[in-house]
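Colleague: Sequence:
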Amino acid sequence: MNKEAIVVILDVSPTMKKALGGADGEENSSRIQVAIDSVKMLIEQKLLYSTNCEMGVVLMGTQKTDNHLADQIGGGQYANVTTFRAIEKLNLDALRSVTEGIACEDRAATKGDMVDGLIVAMDMMARHCGTKKYKRRIFVITDGERETKYDQDDFKTIASSMNETDTRLNVITLDFCEDLDEEDDEEEEPKPKAPNPNETKPQQKNREFLVKLTNKVKGAIFPASVAMQIYQQFKKKEVSARSKFRGNLDLARNLKLAVQIFSRTREETFPTLKKQSLVATESASAKDGLVKLDRSYAEVDDPDQAPVDPEKHTKAFQYGKQLVPVGKENEGVLKYKGGKKDGDEDENATQGGGVGDVQVQGDYERQFKLLGFTDQSKVPRHHFLGGVDIILPVRGAKNERAFAAMVNAMIEGHKVLIAKIIERKNADPKLVVLYPHISKKKPILYMVQLPTAEDLRDYQFPSLVPASEEQRTAARELIKALDLTRADPETGDTEERLKPELTFNPALQYFGQVVTHRIANPPEVAGTELPPLNQAVADYVRPDKELFEEAKDEVSAFEEAFPLQPVNDDENRKRQRVYWRDLIQREEQKNAEEAKQAAEEARVAAMKDKANAENGMLPGGPDQEVKEITSVDPIGDFKKMVNDRKVDRVNDAIVQMAAIIERFVKNSLKGDLYEKAIQCLQELRATCIKEDEGGRYNEFLHRIKKMFMTGTWSDFYQLLCANGKHLSLVTHRETPTSSFVTDEESVKFLQVDQIGAGRVPEVKKPVEDDLMDEIE
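In full-length UniProt numbering, the protein residues as written are 1 to 776.
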């Protein structure tokens, strides 16, 4: 972000001692106090949100003279103007010096008016900034009680100098210019107004000068009350718009678009807080007391807890539920290596400029490459990762036209672009999706990162208690009643209750509020009590009383539909502090118990295998880990695979159970295995509902219908239709997230056709003695 240079011109004439808005002796704060408070709030905001800000302070109306122009020119020029603080980076000392070191003069100065202060401030700015890129601003805070003497040459010099250096002028007026409309600032030649009887003649002349000047330059006039409101408003951290990627978007072998990428939105985190040593608090530099963290690692089972040499540290990466250690020598081998596609001619290999060339030293360059187009509906929004970037075309007539044509075509076809991007050399590749958009008649693309197949995790959660229809209705009505839009009773227009641009992160805002409070009120002076939460933040953090008053009937209905029961306090015991030695001891005990249990299980399994072998049975037992479903006890094997908490086998279990069901149907003799297939199908349906895999069951049932509705195994399909009430498609009501089938569609799916409608096949009871024949 470009640096910012600010010069504050503060009037310290004796008239600044008057109370703001009244005469001496009233309870209002004095003008000088309001002026100092304005400067203090400006410094506080810059310390928090603009670390690159540099500020200087010029006092006009002082008894002494201390500025560079007066020393250089002499002859009484620019007298009664003092450089209180040169333009330097802001720190706490600057805040304290402004708060404690500025006071009004007892006698009025003969010189040092507003024009002198402006010229001295611009000279400071020119000498400090030079030709460097700075965001330049000048603040003037005055009550206008001292007449400003100037001629047209001085006025033109000031205006032209400000315009040439792109310097903005902000004027904060105390007890004058109160009735100045915002429209007056926008008019190049404001209409003359009748003099304000509450303003003195010098104030009226200064008003005329300031209005004329702010209309010739980039400037504005703010009464003190308005300025204080502006400083008290919430601020956002200023971020410069810098290109994070500038290169080609490769659409095809000979089709490239020159683009540049900027950050659009991202999560704002808390500033990094550093620990400070109390021993070094009296040091002049804050860096002297900075506490540095020294982290060491030790073996878990080492009783001495000796630190492990950093050269012996090995990284481990998570692969599913396992951690895979990868040594430093193999880490580079496993990283992504850029290469050309199969079939691509290595045109640029001889030139050394190919984007997809395999680099000799293992390095790979930046890349932004199209993978394909797809429908917008096929990219779920809950897969978005990180922030949002914006893609703009690099300036150029042909390039911009081609970019606009692609964006418009994507909008017409409701398409998105899937691409791979490597933002910088040797960076990890990212899978991204590009959304088309036209903003202010300018085509752009929004870019969001997508997860790869390995990033997606199918976590298994315990099934929730199904909600009744009454509970669903109560929840639906409550959501409608708590709609964050408000209708105007007169016009009927709706407006948002919480506008995003006015709803700030409450945690970050309160953090800034506490920091500024601590800056102005050190703990040794004001104590350790924190300030109350800002009312503007509290208004949207706490429940909206008006909204909940309107929805009280829906809230009552929801409470009745979902009654709450008290929980025993013993079950909610507070977390106790745990030390490393306790964790190590627990781990050792756990390992010992697991080893003992494993040995006991192995002994019992060996005894069972021996007993089974003596009885002519196959070795193995019910407690063994099941990885494959057999035809002997398919339902039991299926349940064991699904309930395996060590390894996620739900997917394999569903696939194998579907294959077993098909095999039972095809291998049955006169329907002797149909009943067993129906039982397996019933168990498969119940498990798919429990594991939120209703869509997969529905796909399998469609395949069953296609295979067995006609032909040799049509009898099985007739039997399936007879049990259709419990075996039909899983509905959206049963698994809302994985099925979109309605109750009506589920009922109709297994209705028996009229041909053979009344005929249900006779099912032959399976013979238990023949089970061994099915073992493969």
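It is possible that part of the hints are untrue.
[Said to hold, decoys possible] Below, computed lysine-lysine pairings styled on DSSO-like, alpha-carbon distance capped at 27 angstroms:
1) Lys398 - Lys335
2) Lys627 - Lys670
3) Lys315 - Lys292
4) Lys292 - Lys275
5) Lys17 - Lys3
6) Lys646 - Lys706
7) Lys440 - Lys480
8) Lys328 - Lys312
9) Lys218 - Lys149
10) Lys201 - Lys17
11) Lys40 - Lys315
12) Lys335 - Lys420
13) Lys596 - Lys640
14) Lys156 - Lys201
15) Lys706 - Lys670
16) Lys425 - Lys256
17) Lys201 - Lys3
18) Lys3 - Lys149
19) Lys256 - Lys156
[What the hints assert, rightly or not] So the derived label-pair ranges between C-beta atoms look like this:
20) Val525 - Lys552: 22 to 28 angstroms
21) Lys442 - Ser29: 47 to 53 angstroms
22) His383 - Gln565: 52 to 58 angstroms
Calculated from the structure, these hints are not laboratory results. Even glycine gets a Cβ: it sits at the ideal position worked out from N, Cα and C.
Colleague: Would you mind marking each hint as holding or not holding in the structure?
Modeller: Consistency of the hints with the structure:
Proximity of lysine 398 to lysine 335 is assessed by CA-CA distance (about 37 angstroms); at most 27 angstroms being required, the pair is judged violated. Taken as a hint, the lysine 627 and lysine 670 pair is broken in the structure, with Cα atoms around 31 angstroms apart against an allowance of 27 angstroms. A threshold of 27 angstroms between alpha carbons decides the hint, and for lysine 315 with lysine 292 the separation of about 24 angstroms falls inside it, so the pair holds. With a C-alpha separation of about 8 angstroms, the suggested pairing of lysine 292 with lysine 275 holds against the 27 angstroms cut-off.
At roughly 35 angstroms between alpha-carbon atoms, lysine 17 and lysine 3 are farther apart than 27 angstroms, so this suggested pair is violated. Restraint check for lysine 646 and lysine 706: the C-alpha separation of about 36 angstroms exceeds 27 angstroms, so the hint is violated. Taking the CA atoms of lysine 440 and lysine 480, the gap is about 33 angstroms. The hint is violated against a cut of 27 angstroms. Restraint check for lysine 328 and lysine 312: satisfied, since their Cα atoms lie roughly 10 angstroms apart, inside the 27 angstroms limit.
With a C-alpha separation of about 22 angstroms, the suggested pair lysine 218 and lysine 149 falls inside the 27 angstroms cut-off, and the hint holds. A C-alpha spacing of about 19 angstroms is found between lysine 201 and lysine 17, which places the hinted pair at or below 27 angstroms, so the restraint holds. Restraint check for lysine 40 and lysine 315: the C-alpha separation of about 49 angstroms exceeds 27 angstroms, so the hint is violated. Proximity of lysine 335 to lysine 420 is assessed by CA-CA distance (about 16 angstroms); at most 27 angstroms being required, the pair is judged to hold.
The suggested pairing of lysine 596 with lysine 640 holds, with an alpha-carbon distance near 23 angstroms, which does not exceed 27 angstroms. The hinted pair formed by lysine 156 and lysine 201 meets the criterion: a straight-line CA distance of about 24 angstroms does not exceed 27 angstroms. Taken as a hint, the lysine 706 and lysine 670 pair is honoured in the structure, with Cα atoms around 21 angstroms apart against an allowance of 27 angstroms. Pair hint lysine 425 plus lysine 256 holds up; C-alpha atoms about 19 angstroms apart against a cutoff of 27 angstroms.
Only pairs whose Cα atoms come within 27 angstroms are accepted, and lysine 201 paired with lysine 3 is rejected, the gap being roughly 40 angstroms. The straight-line distance between the Cα atoms of lysine 3 and lysine 149 is roughly 34 angstroms, outside the 27 angstroms bound, and the hint therefore fails. Under the criterion of a C-alpha separation no larger than 27 angstroms, the hint pairing lysine 256 with lysine 156 is inconsistent with the structure, at around 51 angstroms. The hinted window of 22 to 28 angstroms between valine 525 and lysine 552 is violated, with their beta carbons roughly 47 angstroms apart.
For lysine 442 and serine 29, the hinted distance range of 47 to 53 angstroms is satisfied, since their beta carbons lie about 48 angstroms from each other. Restraint check, histidine 383 to glutamine 565: a C-beta distance of roughly 37 angstroms breaks the suggested window 52 to 58 angstroms.
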